[in-house]
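> Each chain, written out:
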Amino acid sequence: MWNTIVVSPMINALLFIYGLLGENFGLAIILFTLLVRLATHPLMSRQLKSSAALQDLQQSKKWQDMQKKFKDDKEKLAQEQMKLYQEAGVNPLGSCLPTLIQFPIIIGLYQAVIAALAASPVQLLNFSESLYKLSPDNPLYNIFPNPGSIIPINSQFLWMDLGQPERLMIPGIPFGISLLAVLVVITSFLQTRLMTPASPGGDANAQAQAMTKMMGLYFPLFIGYLTWTYAAGLGLYFVASNLFTIGQYAAMGRLDLKNILPQRKETANNSANKSAKNSTKKSTNKSTNKNGLKVTKTSGGQKSKSKSKK
Amino acid sequence: MAFGPHVYALQKNNGSLVWKYPAEADRAINFYAEPVISPNGDIIAGDYKNVLHSINPADGTLNWTFEKSQESANRFVASPLVTENRVYAPSANGKLYVLDSSGEQIGEPYEAGTPLWATPILANDAVVFPTLDHDLVALDVKDNREVWSFNVGGAVVDNVVFDGGMIYLGTFNNQLMAYPEGSTSPTWSFATSDWVWSAPIVTPDVIYTADAKGMVYAINRENGTKLWEFEADSAILSTPLLREDVLYFGTELGSAYAITIEGVQKWNLSLGGNLYTSPVDVGENIVFTSMDNATANVTAYSPEGTIVWSFGTDN
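Quick note, the sequences are listed as chains L and Y, same order. FYI, in our numbering the residues of the first sequence are 1 to 310. FYI, in our numbering the residues of the second sequence are 1 to 315.
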């Protein structure tokens, strides 16, 4: 069932694109990734709206007050949280669905890539049984010709063999470096940072912030490890997917470049201190130094002096 | 026969084990290609680590191994062509290695640049072999230089047949083709229903071939027209055996068939497993080998389809 519904369609789609793109399997994977991203775009839009609504709710005064009121009663807190979610029409799991949908795509695509790059007769036989083969008298035959005419698949793309874990041999270094894994980690990290909205301040959100931070660090490393271990075709998908996702977010106006850099922790106490400092600054803007000269500080911090009239 | 970590020698009249090589299983060794018997009687088998083994037929001891092919991680999928003083070993790493009868490499291997899954053949003064990437190549036997090569339109995964100045081959492009020696244009081509995985059987007037849809065809050798067709239950991935006007073949779903050269079924037996290899003529009987993941069952049948003996390989 899995092969029929997921893997076989992916294999045939990849092959079709491969044939269209001059038998370039790397470009076929990239274009396939773009098509998948476009197909899941409505879900992503919904995810964004859900995330934004969730964030607005969690930044609202009502939410903050509720957190403070029930911080010692976990059960009551959970109840009130659900109540607020319902009132606001927000589904806290709504942002997870597009992520969950990615997993069968990733697994199916990996299996499709490995099947297409069959290295033995038995693998090729299994691969051939996933192919849609039309008879020559079928009107669609010209669009979907016999896949046997394009076997074997050319697995070379740039410096990579897409059916093998990617390694780049650099002179002077005795072992291969996985440049692709590095690209995957970087693009995943960027995607996570650029698209994760800043969490609101407050001790109640400290745990959530910590979790988000961990995910933002460990998830890129995890899929970097997958890229290191498995066929390069999978890593190529990850890079393409990350870049396309960043592009989608940018097109929707949701990209926040400031998120790339580490943010200073903005707690309630910090905010209060900031306000206090600002008001102190204002009250000392005008003073008289020991020589009796009035010292006035401008907004740029420059001092000017004037004689005080006696 | 070769399966898993061993090459087996069996008595052909009763299937009893004579020897197996290596005597103790070595997990580093895994055989896929059919062993071949050289003119001096030695058995030569290539393994999945890209090593060739020459085995003494009397007791299954090792004569020599050729390991230079391990320069690239790959495997021997096809059997070598063994002549009086040469071994032509095609590897899935895209190289054709030429050895002498003691296993020493002669010159540099020919680099086809694409996996070689078929056994070469001799066609007059040339060694001819197909590549997975749609080419048919001929090398001069004297110096191993390329004489000609051209595209046949589809992948070829079994050996071609040279007979009467013609080269016959089946491709993944659903074609059986007949090329005059030295010509890049086929005299005729016959459209099958699916990929052709096996070599054709060539007789003076008729050519027999099979495809992945389970179709067996008898084709007029002169002009490539269909004489008859027979449909089996599933893909036929190996060359049928023609013996005394009867075609014997196995299918992917584990059925063994015997059909006459007029295309009439004599018998059909369900053996279980998968029948990926050609039946073998062992004198009075015909041997079929069915495989599952872990074992191979070698069974000898009489021409009437009754079991004579059976042997199971190590698990």
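Keep in mind that the hints were calculated from the coordinates and are not lab data. There may be inaccurate statements among the hints.
FRET-style restraints, in silico, Cβ to Cβ [unchecked claim]:
no., chain 1, residue 1, chain 2, residue 2, range
1, Y, Leu122, L, Pro104, 43 to 53 Å
2, L, Glu23, Y, Gln265, 35 to 45 Å
3, L, Gln156, Y, Ala294, 28 to 38 Å
4, Y, Lys266, L, Leu34, 37 to 47 Å
5, Y, Ala294, L, Ala39, 11 to 21 Å
Sample of chain L residues facing chain Y (criterion: CB under 7 Å; computed from the structure) [unchecked claim]:
no., residue
6, Asn146
7, Gly148
8, Ser149
9, Ile151
10, Pro152
Just so you know, even glycine gets a beta-carbon here, dropped at the ideal spot from N, CA and C.
> Next step is simple, just say for each hint if it's right about the structure.
Each hint, compared with the structure:
The hint said 43 to 53 Å for the Cβ distance between Leu122 (chain Y) and Pro104 (chain L), and at roughly 52 Å that hint holds. At about 42 Å, the beta-carbon gap between Glu23 (chain L) and Gln265 (chain Y) stays in the expected band of 35 to 45 Å. As the Cβ distance of Gln156 (chain L) to Ala294 (chain Y) is approximately 35 Å, the hint placing it in 28 to 38 Å holds. Restraint check, Lys266 (chain Y) to Leu34 (chain L): a C-beta distance of roughly 56 Å breaks the suggested window 37 to 47 Å.
Remark: the range hint 11 to 21 Å for Ala294 (chain Y) to Ala39 (chain L) is contradicted by a beta-carbon distance near 41 Å. A hinted interface residue such as Asn146 (chain L) counts as satisfied when its beta carbon comes closer than 7 Å to some beta carbon of chain Y; here the least separation is about 6 Å, so the hint holds. For Gly148 (chain L), the suggested interface contact is upheld, since its CB lies about 3 Å from the closest CB of chain Y, less than 7 Å. Interface restraint check: Ser149 (chain L) against chain Y, minimum CB-CB distance 5 Å, threshold 7 Å, status holds.
Given hint, Ile151 (chain L) at the interface with chain Y, holds; its Cβ is 5 Å from that chain's nearest Cβ, closer than 7 Å. Checking Pro152 (chain L) against chain Y: minimum C-beta separation of about 5 Å stays under 7 Å; hint holds.
Figure legend: structure checked against the earlier numbered hints; hints not met, in rising order: 4 and 5.
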